[in-house]
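Peer 1: Letter by letter, the chains look like this.
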Amino acid sequence: MQVNWFKYAAPASFFPLAGKLYPWFYALAALLALVGMYIGFFVAPTDFQQGEAYRIIFIHVPAAWMSMFLYLLMALYASLGLIFNTRLSSMMARAIAPTGALFTFLALWTGSLWGRPMWGTYWVWDARLTSELILLFLYIGFMALQAAIEDPRRGDKAGGVLALVGAVNVPIIYFSVKWWNTLHQGSSINLTRAPSMASIMLWGMLIMALSFWMYSIAVILSRVQCIIAERERRAAWLQELGTPDQ
Amino acid sequence: MPKAISPLSLKALACVKGERALFKSLSCEIEPGTLVRIAGANGTGKTSLLRLVAGLSQPAAGNIFWMGQERSADLSAYLAQVLFVGHASAIKDELTPVENILASCSIQGEVVTPIAVQEVLTQLGLGERLTLESSLLSAGQRRRIALARLWLTQRGLWLLDEPFNALDTRAVQLLANRISSHVQEGGICLYTTHQSIPIHAPVSIELSLDPVQLATEH
Amino acid sequence: MNPLNPSYQSPITPSSLTMGWALLRRDLLLVYRRRADAVTVLVFFSIVVSLFPLGVGADPVMLKIIGGGVVWVAALLSALLSLPRLFATDFLDGTLEQIILSPQPLALSVLSKALAHWIATGIPLTLMAPLLGLQFGLEPQGLWALSMGILMGTPILSLIGAVGSALTLGLRGGNLLMALLVLPLNIPVLILGAGAVDAAQSGLGAEAHLSLLGALLIVTLLGVPFAVAAALRISLD
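Protein chains in written order, with the numbering used here: chain B, 594 to 839; chain H, 10 to 227; chain S, 213 to 449.
If you're looking for bench data, these hints aren't it; they were derived computationally from the structure.
Careful: at least some of the hints might be erroneous.
Derived list of chain S stretches under chain B, where covered just means 3 residues or more per stretch with a C-beta under 8 angstroms from a C-beta of chain B [to be verified]:
1. 375 to 384
2. 398 to 408
In the DMTMM-like style, the derived pairs of lysine to aspartate or glutamate whose C-alpha atoms are separated by at most 25 angstroms in a straight line are [unchecked claim]:
3. H:Lys26 - B:Glu825
4. H:Lys20 - B:Glu823
5. H:Lys26 - B:Glu645
6. H:Lys20 - H:Glu103
7. H:Lys33 - H:Glu79
8. H:Lys33 - H:Glu215
9. H:Lys26 - H:Glu79
10. H:Lys20 - H:Glu215
11. B:Lys613 - B:Glu743
12. H:Lys33 - B:Glu825
13. B:Lys613 - B:Glu823
14. H:Lys26 - H:Glu215
15. S:Lys276 - S:Asp449
16. H:Lys20 - H:Asp177
17. H:Lys20 - S:Asp305
18. H:Lys20 - H:Asp102
19. H:Lys33 - B:Glu823
20. H:Lys33 - H:Glu194
21. H:Lys26 - S:Glu309
22. H:Lys26 - S:Asp305
23. H:Lys33 - S:Asp305
24. H:Lys26 - H:Glu194
25. H:Lys33 - B:Glu645
26. H:Lys33 - B:Glu743
27. H:Lys20 - H:Glu40
28. S:Lys276 - S:Glu351
29. H:Lys26 - S:Asp449
30. B:Lys771 - S:Glu419
31. H:Lys26 - B:Glu743
32. H:Lys26 - H:Glu40
Beta carbons: idealized from backbone N, C-alpha and C, even for Gly.
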């Protein structure tokens, strides 16, 4: 059966596809989360140095991975929308941003919770947490810019330029923050140097990362449905579907 | 006998502002010596159309052809022929009228001498104000500075947005005569206006944007 | 079409360099006519720097440690304050449209305007910075690293600020939004610049930081004007 993938590049065709797919991704996400957390909280051994509190790493590290991955994905979609003038790509970028920001916040929050029992403070300026903080600012900037622009097409394209500039900057920011951190290293606080990894711990984190990824896909698909419905609400095809104009 | 290519050709232009389609499928062939008056009520897209032709916005659909080629093929050659005077006067408050015109001409790539500029400004009734900062001038005077380029330019395609605004009767007459002589020499001029001002031209077209119609009068 | 019609012969357009120079001259003339504005930026710079000792205390040992960072943060904020002058006034009075319609590539026009902005803001900041550094008791090698860093960093700040300024033209709350967009992107410049002062003072030498800053400057000069040009077209669409 030949599938014409380009057909799905039109919002009208993508809308029903997204609607059919996302429940499955929610289910997968829930399943993988159960497995991952079981490993993380019950199977992985207690750490010699850090005790039980280290287990938050099973949420902290996958969340950080997702936050960076989603930013690059968002920048990719936004650039595609800018270069090829495709509406759906820009809508996907808008849909990704809040989820990316959520994972960034989650990484920061869990990092902070980890710091408290370990080092006695709720915040440490280590390389990862600082980079995550800056990444959060980049996400918020992207969303704020698009929220401030009323014309949706101008908002799409402006977001594209911003995301592209940001994406090029992200490695520069990451390396300069890392360098800054090593140079100012007074204490040996390094939140990100996890206890020596038993392979089971790595598996746990990978499965949680996969779960977060499935969750992201589900949320992004349902969010992009809302965005499509809002943008195309006057289009005939949407009215034929009987979607109420709210 | 093959038909000559019209210099400016608008094909199936569509313009969308926010969520409204201002116009769809607007087409027009414009020959040398044509005066095009873009008419329509407020908000129907007159300025948007002019800005599309100028190259400041991209049309939602359709294409613009210049000298037979797609305009995007050689945009800077097109821009070298365009003279756009928008709603805003494009005047810097801190510069004198002469400095303003010298600056705007040289930024656009047109070479003019200060003497020529002074002559034109004097003709337009600004002779007493040449050395004042433009912030001290009235709206009508600033408008006249903005339009002074029309007497100094070599360019063929004029796009004027509400050029007669804020002008007194004498200035209106001067401008109408200037546009008329430009068009009679083979130039093209597209303009929008609320006022009905007679301008002699070999070919006059009226583009009415509500609804989209095309009326040609010779 | 009458091929002999003089209106349609290609006009002799001056080179891009002449047009770029005309734009630069115009912008510098504008700054000169409003000289007082340029001074405001320097006063702001000094005020912000003075806030820190008032806030954290005047212990000379501590001030020497934070001095480089404080001056750099203040320079960042001062550069930000002067950014609206870059495009917003031209946008409001219609001259920006004329610049976009110029046959010259928009990226080159952007460079002209950024250069004018840097001459009006960046150079005064560079000259003022070592004086403020003295208030924090920085040593000569630290002052040198500070000046060199700000000299190379301010053009980067102007250009990255230009992206934010271009994207937020005409928006409500534009200036604050522009700050939100631009400040995170300027963090590498801050880290390298302040790090240079630190390295110089601790005897390690600032060469590594300054060369990286120089490299960042070159990359910015080559790439960012195109992003600014794209942003300008989008905002004026």
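Peer 1: All the hints need checking, so say for each whether the structure fits it.
Peer 2: So, going through the hints one by one against the coordinates:
1. Evaluation of the coverage hint for the segment 375 to 384 of chain S: fulfilled, as 5 residues show C-beta separations to chain B shorter than 8 angstroms, against a requirement of three.
2. Proximity of the segment 398 to 408 of chain S to chain B, defined as three or more residues with a beta carbon under 8 angstroms from a beta carbon of that chain, is established by the 5 residues found.
3. Taken as a hint, the Lys26 of chain H and Glu825 of chain B pair is honoured in the structure, with Cα atoms around 14 angstroms apart against an allowance of 25 angstroms.
4. The straight-line distance between the Cα atoms of Lys20 of chain H and Glu823 of chain B is roughly 31 angstroms, outside the 25 angstroms bound, and the hint therefore fails.
5. For a cut-off of 25 angstroms, the pair hint linking Lys26 of chain H to Glu645 of chain B is broken: about 58 angstroms separates their Cα positions.
6. Distance check on the hinted pair: Lys20 of chain H and Glu103 of chain H sit about 42 angstroms apart at the alpha-carbon level, beyond 25 angstroms; violated.
7. With a C-alpha separation of about 19 angstroms, the suggested pair Lys33 of chain H and Glu79 of chain H falls inside the 25 angstroms cut-off, and the hint holds.
8. Straight-line distance between C-alpha atoms of Lys33 of chain H and Glu215 of chain H comes to about 17 angstroms, which keeps the hinted pair within the 25 angstroms bound.
9. With a C-alpha separation of about 24 angstroms, the suggested pairing of Lys26 of chain H with Glu79 of chain H holds against the 25 angstroms cut-off.
10. As the CA atoms of Lys20 of chain H and Glu215 of chain H are separated by approximately 16 angstroms, the hinted pair is consistent with the 25 angstroms bound.
11. Distance check on the hinted pair: Lys613 of chain B and Glu743 of chain B sit about 30 angstroms apart at the alpha-carbon level, beyond 25 angstroms; violated.
12. Between Lys33 of chain H and Glu825 of chain B the CA atoms are separated by roughly 18 angstroms; this keeps the pair inside 25 angstroms, and the hint holds.
13. With a CA separation close to 19 angstroms, the supplied pair Lys613 of chain B and Glu823 of chain B stays within the 25 angstroms bound.
14. As the CA atoms of Lys26 of chain H and Glu215 of chain H are separated by approximately 23 angstroms, the hinted pair is consistent with the 25 angstroms bound.
15. For the hint pairing Lys276 of chain S with Asp449 of chain S, the CA-to-CA distance comes to about 50 angstroms; that exceeds 25 angstroms, so the pair is violated.
16. Annotation: proposed proximity of Lys20 of chain H to Asp177 of chain H is violated, straight-line Cα distance about 37 angstroms (limit 25 angstroms).
17. A C-alpha spacing of about 32 angstroms is found between Lys20 of chain H and Asp305 of chain S, which places the hinted pair above 25 angstroms, so the restraint is violated.
18. Simply put, Lys20 of chain H and Asp102 of chain H have alpha-carbon atoms about 39 angstroms apart, too far for the 25 angstroms limit, and the pair is violated.
19. Only pairs whose Cα atoms come within 25 angstroms are accepted, and Lys33 of chain H paired with Glu823 of chain B is accepted, the gap being roughly 23 angstroms.
20. Taking the CA atoms of Lys33 of chain H and Glu194 of chain H, the gap is about 32 angstroms. The hint is violated against a cut of 25 angstroms.
21. For the proposed pair Lys26 of chain H and Glu309 of chain S, the alpha carbon gap of about 18 angstroms is at most 25 angstroms, so the pair holds.
22. At roughly 22 angstroms between alpha-carbon atoms, Lys26 of chain H and Asp305 of chain S fall within 25 angstroms of each other, so this suggested pair holds.
23. With a C-alpha separation of about 30 angstroms, the suggested pairing of Lys33 of chain H with Asp305 of chain S is violated against the 25 angstroms cut-off.
24. With a C-alpha separation of about 36 angstroms, the suggested pair Lys26 of chain H and Glu194 of chain H falls outside the 25 angstroms cut-off, and the hint is violated.
25. Straight-line distance between C-alpha atoms of Lys33 of chain H and Glu645 of chain B comes to about 66 angstroms, which puts the hinted pair past the 25 angstroms bound.
26. Only pairs whose Cα atoms come within 25 angstroms are accepted, and Lys33 of chain H paired with Glu743 of chain B is accepted, the gap being roughly 22 angstroms.
27. In summary, the hint linking Lys20 of chain H to Glu40 of chain H is supported, as the alpha carbons are separated by about 14 angstroms, within the 25 angstroms threshold.
28. Between Lys276 of chain S and Glu351 of chain S the CA atoms are separated by roughly 8 angstroms; this keeps the pair inside 25 angstroms, and the hint holds.
29. Distance check on the hinted pair: Lys26 of chain H and Asp449 of chain S sit about 10 angstroms apart at the alpha-carbon level, within 25 angstroms; holds.
30. Under the criterion of a C-alpha separation no larger than 25 angstroms, the hint pairing Lys771 of chain B with Glu419 of chain S is consistent with the structure, at around 18 angstroms.
31. Restraint check: the Cα-Cα separation between Lys26 of chain H and Glu743 of chain B comes to about 11 angstroms, which is no more than 25 angstroms; the hinted pair holds.
32. Between the alpha carbons of Lys26 of chain H and Glu40 of chain H the distance comes to roughly 29 angstroms, so the proposed pair goes past 25 angstroms and is violated.
When the structure is compared with the earlier hints, violations turn up for hints 4, 5, 6, 11, 15, 16, 17, 18, 20, 23, 24, 25 and 32 and for no others.
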